[in-house]
Amino acid sequence: MALSSTRFKFNPRLVLAAEDNPPLQFGEKGEAVRLIQEALIGIGYWMPKSTDKYFNVDGKYGLETVKTIKNFQRGAGLSDDGRVGRETLKELEAQIWQMPNHDIGFTHRLRLHLRSIGRKGNPLRSFDLAQEIFAGYGIQVIMGSMETVNLPTDKQLLLSIVNKVECPFVGASDEQHLLHKLGFTKNIGLNDITAYFIDEIRNSLGLETAVGCAGHATSRAAVMVSSGAQPTTLAHEIGHVLLGPHFFPVHETDPDNLMRSGILSMDRRQLNENQLKQMKKSRFLTQIRPKPAQS
Numbered sequence: 006m007a008l009s010s011t012r013f014k015f016n017p018r019l020v021l022a023a024e025d026n027p028p029l030q031f032g033e034k035g036e037a038v039r040l041i042q043e044a045l046i047g048i049g050y051w052m053p054k055s056t057d058k059y060f061n062v063d064g065k066y067g068l069e070t071v072k073t074i075k076n077f078q079r080g081a082g083l084s085d086d087g088r089v090g091r092e093t094l095k096e097l098e099a100q101i102w103q104m105p106n107h108d109i110g111f112t113h114r115l116r117l118h119l120r121s122i123g124r125k126g127n128p129l130r131s132f133d134l135a136q137e138i139f140a141g142y143g144i145q146v147i148m149g150s151m152e153t154v155n156l157p158t159d160k161q162l163l164l165s166i167v168n169k170v171e172c173p174f175v176g177a178s179d180e181q182h183l184l185h186k187l188g189f190t191k192n193i194g195l196n197d198i199t200a201y202f203i204d205e206i207r208n209s210l211g212l213e214t215a216v217g218c219a220g221h222a223t224s225r226a227a228v229m230v231s232s233g234a235q236p237t238t239l240a241h242e243i244g245h246v247l248l249g250p251h252f253f254p255v256h257e258t259d260p261d262n263l264m265r266s267g268i269l270s271m272d273r274r275q276l277n278e279n280q281l282k283q284m285k286k287s288r289f290l291t292q293i294r295p296k297p298a299q300s
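Okay, so the sequence shown: first residue is 6 according to the numbering used here, each after it adds one.
Source of the hints: derived by calculation from the structure; they are not laboratory data. Each hint should be verified, as a subset may be incorrect.
Calculated pairs, DSBU-like style, for lysine-lysine (alpha carbon to alpha carbon, straight line, at most 35 Å) [unchecked claim]:
| # | residue 1 | residue 2 |
| --- | --- | --- |
| 1 | K95 | K54 |
| 2 | K54 | K282 |
| 3 | K34 | K65 |
| 4 | K54 | K72 |
| 5 | K34 | K191 |
| 6 | K186 | K14 |
| 7 | K54 | K286 |
| 8 | K14 | K95 |
| 9 | K65 | K285 |
| 10 | K286 | K34 |
| 11 | K285 | K72 |
| 12 | K54 | K34 |
| 13 | K14 | K286 |
| 14 | K95 | K34 |
| 15 | K186 | K282 |
| 16 | K65 | K95 |
| 17 | K186 | K34 |
| 18 | K286 | K186 |
| 19 | K286 | K65 |
| 20 | K186 | K285 |
| 21 | K75 | K65 |
| 22 | K14 | K65 |
| 23 | K54 | K65 |
| 24 | K191 | K75 |
| 25 | K191 | K54 |
| 26 | K14 | K191 |
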């Protein structure tokens, strides 16, 4: 069975489970188990023993997960073997598509504002991909606002190419400060993130050295994405903001990880357990209370 939901179809273990090769079962742990746990919580099967105070699930297929799977299977008229195979995944995906806006299993929400300064690039494509990537980890990215910042000609020419950017996490160049000031509106909350789409990012030597930057003033979270960036760059820079200035390592060596340095391909969309736990502690994420448990 081919998986259809964004939440499941990129996970290799769930792809195998969808073919009963073999089903996901007691004793397993990791990303696939976590995805199933979060999906079950999203449709009302609360698992308090498997969830910490930040609503992070533990990713362990223990007794509580077996019990919850059995409850779900009985409610769906399936054989209650406590394993996640073809039929259980099929039913779980069917219930995902019945949810309003497919808001299945979201535990946290991020409010993002888009500001277009440059004359190139595709902010909406980047936003859609960021939504898709973070949705797979229970984080709902919503658009707070989207604007094209209309600047006088002199400032348009100045800020479409932002110079003297060394991209420390905390702090910003004079041009970045000006960019953030001009793009700010009253509907941007203290815990929101603003993404600026510009033509080029250059360092103090005038060289175009980056396609994205998460450096920002401490009072105003913002990222920059240049027109030469891959669509996944926005999600990568958001990841830096959510991880915070003290998280280590800043970049990963795993070629499939969203936070790997270098050119970001469309396939780099994974987060590891440590990254996810840290992100869900960020003040820029709002916790979404789980629904009441079903029996």
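Subject >> 35 Å limit on alpha-carbon distance, applied to hinted pair K14 and K286 >> reply: With Cα atoms ~26 Å apart, K14 and K286 stay inside 35 Å; holds.
Original post:
Are the Cα positions of K75 and K65 separated by 35 Å at most?
Top reply: Between K75 and K65 the Cα gap is close to 16 Å, so the pair holds against 35 Å.
Original post:
Quick one, are K54 and K65 close enough, alpha carbons at most 35 Å?
Top reply: holds (11 Å)
Original post:
Within a Cα-Cα threshold of 35 Å, do K191 and K75 meet the stated pairing?
Top reply: Violated - the C-alpha atoms of K75 and K191 are around 49 Å apart, more than 35 Å.
**OP:** Would you check the hint for K286 and K186, treating anything up to 35 Å between C-alpha atoms as holding?
**Re:** holds (27 Å)
Original post:
Taking 35 Å as the top limit, are the C-alpha atoms of K34 and K65 close enough?
Top reply: holds (4 Å)
Subject >> Restraint check for K186 with K285, where alpha carbons must lie at most 35 Å apart >> reply: holds (28 Å)
**OP:** Would you mind confirming whether the straight-line C-alpha gap from K14 to K65 stays at or under 35 Å?
**Re:** Satisfied, since the Cα-Cα distance of roughly 20 Å is no more than 35 Å.
**OP:** Would you check the hint for K191 and K54, treating anything up to 35 Å between C-alpha atoms as holding?
**Re:** violated (41 Å)
**OP:** Would you check the hint for K286 and K65, treating anything up to 35 Å between C-alpha atoms as holding?
**Re:** This hinted pair holds, its Cα atoms lying about 20 Å apart.
**OP:** Measure nothing beyond the straight line between the CA atoms of K285 and K72; if it is 35 Å or shorter, mark the hint as holding.
**Re:** At roughly 26 Å apart (the allowed maximum being 35 Å), K72 and K285 satisfy the hint.
Original post:
K186 and K14: Cα distance at most 35 Å?
Top reply: violated (41 Å)
The structure is inconsistent with the numbered hints 5, 6, 17, 24, 25 and 26, although it conforms to all the rest.
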